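Asker: Residues per chain are reported as follows:
Protein chains: 2
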Amino acid sequence: MKDSDKFKIVNELAKRRGFFWPSFEIYGGVSGFVTYGSLGTMLKRRIEDKFREFYIRPLGILEIESSVILPAKVFEASGHVEHFKEPMVECGKCKHKFRADHLLQEFAGMSDTKTEKLSPQQLIDQIRKHEIKCLECGGEFGEVKQFMTMFSTTIGPYSDAVGYGRPEAAQSIFVEFKRLYENARERLPLGIVQIGHALRNEISPRQGVIRLREFTIADIEFFFDPEEPQCPLLQNVENEKLRLLLTEAKLKGKKEPVEITVKQALGKGFIKTEWQGFFMAQAKRFLMELGVPEDKQRFIEKLDWERAHYSKQGFDQEIYIERWGWVEVSGHNYRTDYDLNQHMKFSGVDMRVFKEGRRFIPHVVEPSFGLDRLVYVAVEYALKTIKKRKVLSFPRDIAPVQVGVYPLVGKNGLPEKAKRVHQFLVKEGFLAEYDESGSIGRRYARADEAGTPLGVTIDYQTLEDDTVTMRDRDTWKQVRNKVERLPELLHAYFRYKLNFEDLGELVKG
Amino acid sequence: MKDSDKFKIVNELAKRRGFFWPSFEIYGGVSGFVTYGSLGTMLKRRIEDKFREFYIRPLGILEIESSVILPAKVFEASGHVEHFKEPMVECGKCKHKFRADHLLQEFAGMSDTKTEKLSPQQLIDQIRKHEIKCLECGGEFGEVKQFMTMFSTTIGPYSDAVGYGRPEAAQSIFVEFKRLYENARERLPLGIVQIGHALRNEISPRQGVIRLREFTIADIEFFFDPEEPQCPLLQNVENEKLRLLLTEAKLKGKKEPVEITVKQALGKGFIKTEWQGFFMAQAKRFLMELGVPEDKQRFIEKLDWERAHYSKQGFDQEIYIERWGWVEVSGHNYRTDYDLNQHMKFSGVDMRVFKEGRRFIPHVVEPSFGLDRLVYVAVEYALKTIKKRKVLSFPRDIAPVQVGVYPLVGKNGLPEKAKRVHQFLVKEGFLAEYDESGSIGRRYARADEAGTPLGVTIDYQTLEDDTVTMRDRDTWKQVRNKVERLPELLHAYFRYKLNFEDLGELVKG
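From first to last, the protein sequence lines stand for chains A and B. Numbering-wise (the numbering used here), the first sequence opens with residue 1 and increments by one. Numbering-wise (the numbering used here), the second sequence opens with residue 1001 and increments by one.
Do not rely on the hints blindly, as some may be mistaken.
Here chain B is said to cover these stretches of chain A; the calculated rule only asks that three of the stretch's residues, wherever they fall, bring their Cβ under 8 Å from a Cβ of chain B [to be verified]:
id, stretch
1, 18-28
2, 68-78
3, 170-180
4, 203-213
5, 341-349
6, 462-476
Distance ranges between label pairs, derived from CB positions [stated by the list, open to error]:
id, chain 1, residue 1, chain 2, residue 2, range
7, B, Trp1326, A, Lys482, 33 to 39 Å
8, B, Gln1207, A, Pro226, 38 to 44 Å
9, B, His1083, A, Asp112, 41 to 47 Å
10, A, His83, B, Gly1413, 50 to 56 Å
11, B, Gln1146, A, Pro226, 50 to 56 Å
12, B, Pro1120, A, Asp350, 33 to 39 Å
13, B, Glu1076, A, Cys94, 22 to 28 Å
14, B, Ser1437, A, Asp350, 23 to 29 Å
15, A, Lys482, B, Lys1255, 20 to 26 Å
16, A, His83, B, Pro1293, 49 to 55 Å
Since the hints were derived computationally from the structure, they do not count as laboratory data. Bear in mind that the values here come from a model prediction, so they are computed numbers and not experimental data. For each residue, glycine too, the CB sits at the ideal point set by N, CA and C.
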């Protein structure tokens, strides 16, 4: 781990400024849990809101909210109780436990494609062959066991009422599908999303915010009639280029994706359903809007043995980050009628829909995003060094604070005036922060590091003509305009209808 | 339960229209869990946003987000492992379990003030004296046991790594206080809020959305220097009248609150700290903005034996709802330095702050809101019957859908034009919904029942002069104006800067 390691720099900054940090430090920490401070919480929420505005709302996708704990029955039906397991080894000496496949990936250079295919016996054989020993004490590992990675609990006072922490937000949507379908007046296609906390009881997570035991997921379950699989919005994205690494290429050991349009990928059958192609193209665009260029994105098709049990075809959208290489930020699975079918079997309730004389179970494509990773990626890609200072150049529509408000100096009525301007902006609905401590240069530096796009400064001229300067985070240029015009101008600026230069008269520096 | 029972009417409407309903119906239901459908999710989020805008942001309170599962150590320190228990009885015959105190409240007419004071032995004596039998089979109850009402689980693969579902969002704030205080550049007073899911493993919840095992809580921990307890914002609320039912009056058996200003309540020592008085006044105003008139609100002071173990003084804000009477929607506790002190002891980490030569542990007042109950209350108070139809008259700034967009008829180019108007409003950031199915009257009725304040209708005149009608949900009046003026007008309308009549020229009906 070198000093210039970006993961380290991001985490140091994130902790110091209150974006995020590992939870429970005063108790020695428990890996896999993160706390978002004020800036991080705002950034995360703005990314969620952007997701709603960009990805969900234009499609009329409905949002639901349900519980994190669900009764066991749901996950027996969904197949999670049977399948949601990871291979684990225990040190014979100190009894520490590790994920068998992760050990091989980290210390034997194996790909996850390779380790996913290995049986428990093969995993331990490989671990012994590569002489991988306990990371804690150097002891030998025993056999590989399958560890169920759902958190388990009991609902109410009866010990047989088992509940699990949801490993995905999807199942509530399937379980409640009948009512949701009725509420939506029985239309297909019908998209339903849930954004919320999810839980995976990882064996020994060691990548900070990249691998969490509790995280935020955004699962869209998009239901359609399998006999009418056409996506009417395809024309909006059909020429979007995707970088795809397909199973065929993976099996040949290729590591470079092909670049191909959505239309071509569908035409050649690389992507099996139009809706999936549509959502993948949108996912690429969404990540670009979060600040990730297209050459740092790719989609990896999952091999038969890599796919989740419910998936007929699956792609992972991966983003390149400096420390960990290609990391999944969203999964795109064609779940077919698997889940509704299972719940129909287990509950005895008819989950079919009725349409023009036919009864059928809708099919589902699922785009599923990991919000914590999006937050991390947004910070890593925003991080710039300008004149030796750290600046977080967030896209202006996700920046946690929109406007800093500063009196040039802390006297002569400037703080009072600045506070009024600050309150004025807050009342107009802007995320504005007031800061009067330290020199103005220091305050600008602090705001740049927090990623605040605009700084509004109240100076002596303000007291004369009620104008303020506005400073651009990335160019440090300044313009001047009337206070009363700020709401209208800033509203347009943050919706990308105006550029910085349009906000006022340039101040010569 | 009569037909006009409002709880029943609200729940029927909530289920049918997709506000909320009991989860897992296809598996026979598990009490204490709720699913919010599309309208409910939007309503809940708008109430949360309103809470941020009204209650949090003007005070510069910082928001954090942390995990729902926390390691046992945190709740050992906080006292929850020892104290977070409820009295339970089991039927000797069918083994069903019930909350002992709730049985006495429901079937012996006892107040919770009375049952809270009873020992386990006294509880079962009273149950036998009142001949309360098992609600399932009529069997006799055995002795009262204390049931710990935190959900318990195991973190990672080691069985001794116990974790609990958080029963409040407060503890993450205390555990992370040192870092949050540093992030905020060591200022006091310092308010920190967390809004998120919380878990209480209720023994046998039977009041729908009013008593949940998983719910959303908004905990504000407001830290201040106990030697400087003054609230500089007090003047904004000091003449606000509160309806207080104080311990002294409760002990005398009084049930009617006294009406008294915040200033008087502080002056007479009824409320012990200025900040608590301030937050209670704001809580009253907040509930008024959600649609609850002042005479349907009151604050009940908790007696010594009713208060949580961490509280030096506590008030519950209660709202009157038709089925259940007075129901708590927020709690206001003076937690002093209890929690930070406990974490200091258990972690060995110094939690004191340093200020002008002194080292001390800040004191805390805590306003804590139950979001699900706010949602319920908002719906019950919005429910009106206008000309025999159900209308949800939500305040316009929390309505789940702001604008319905309708073509007058489904032909002659009106739907196409209406869809363009709809997309235009969506792009301008409004929560707009398009509806073309059924007669226009039926669509208005549907929107009224969903609580949509405005209906925009595209008619033949629209095709000529690009004007539309706007219809008011509550008065059914209509005005007409240009499409291009909608964003500016509606923006002002939803921020209460314009009345409906200001939106255009009145259409004679």
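Asker: Next, verify each hint and record whether it holds.
Answerer: Now for the hints, and whether the structure bears them out:
no.: 1; hint: 18-28; verdict: holds (count 7)
no.: 2; hint: 68-78; verdict: holds (count 6)
no.: 3; hint: 170-180; verdict: holds (count 6)
no.: 4; hint: 203-213; verdict: holds (count 3)
no.: 5; hint: 341-349; verdict: holds (count 4)
no.: 6; hint: 462-476; verdict: violated (count 0)
no.: 7; hint: Trp1326(B) <-> Lys482(A): 33 to 39 Å; verdict: violated, 51 Å
no.: 8; hint: Gln1207(B) <-> Pro226(A): 38 to 44 Å; verdict: holds, 42 Å
no.: 9; hint: His1083(B) <-> Asp112(A): 41 to 47 Å; verdict: holds, 46 Å
no.: 10; hint: His83(A) <-> Gly1413(B): 50 to 56 Å; verdict: holds, 52 Å
no.: 11; hint: Gln1146(B) <-> Pro226(A): 50 to 56 Å; verdict: holds, 54 Å
no.: 12; hint: Pro1120(B) <-> Asp350(A): 33 to 39 Å; verdict: violated, 47 Å
no.: 13; hint: Glu1076(B) <-> Cys94(A): 22 to 28 Å; verdict: holds, 25 Å
no.: 14; hint: Ser1437(B) <-> Asp350(A): 23 to 29 Å; verdict: holds, 24 Å
no.: 15; hint: Lys482(A) <-> Lys1255(B): 20 to 26 Å; verdict: violated, 57 Å
no.: 16; hint: His83(A) <-> Pro1293(B): 49 to 55 Å; verdict: holds, 54 Å
Hint violations for this structure: numbers 6, 7, 12, 15, all remaining hints satisfied.
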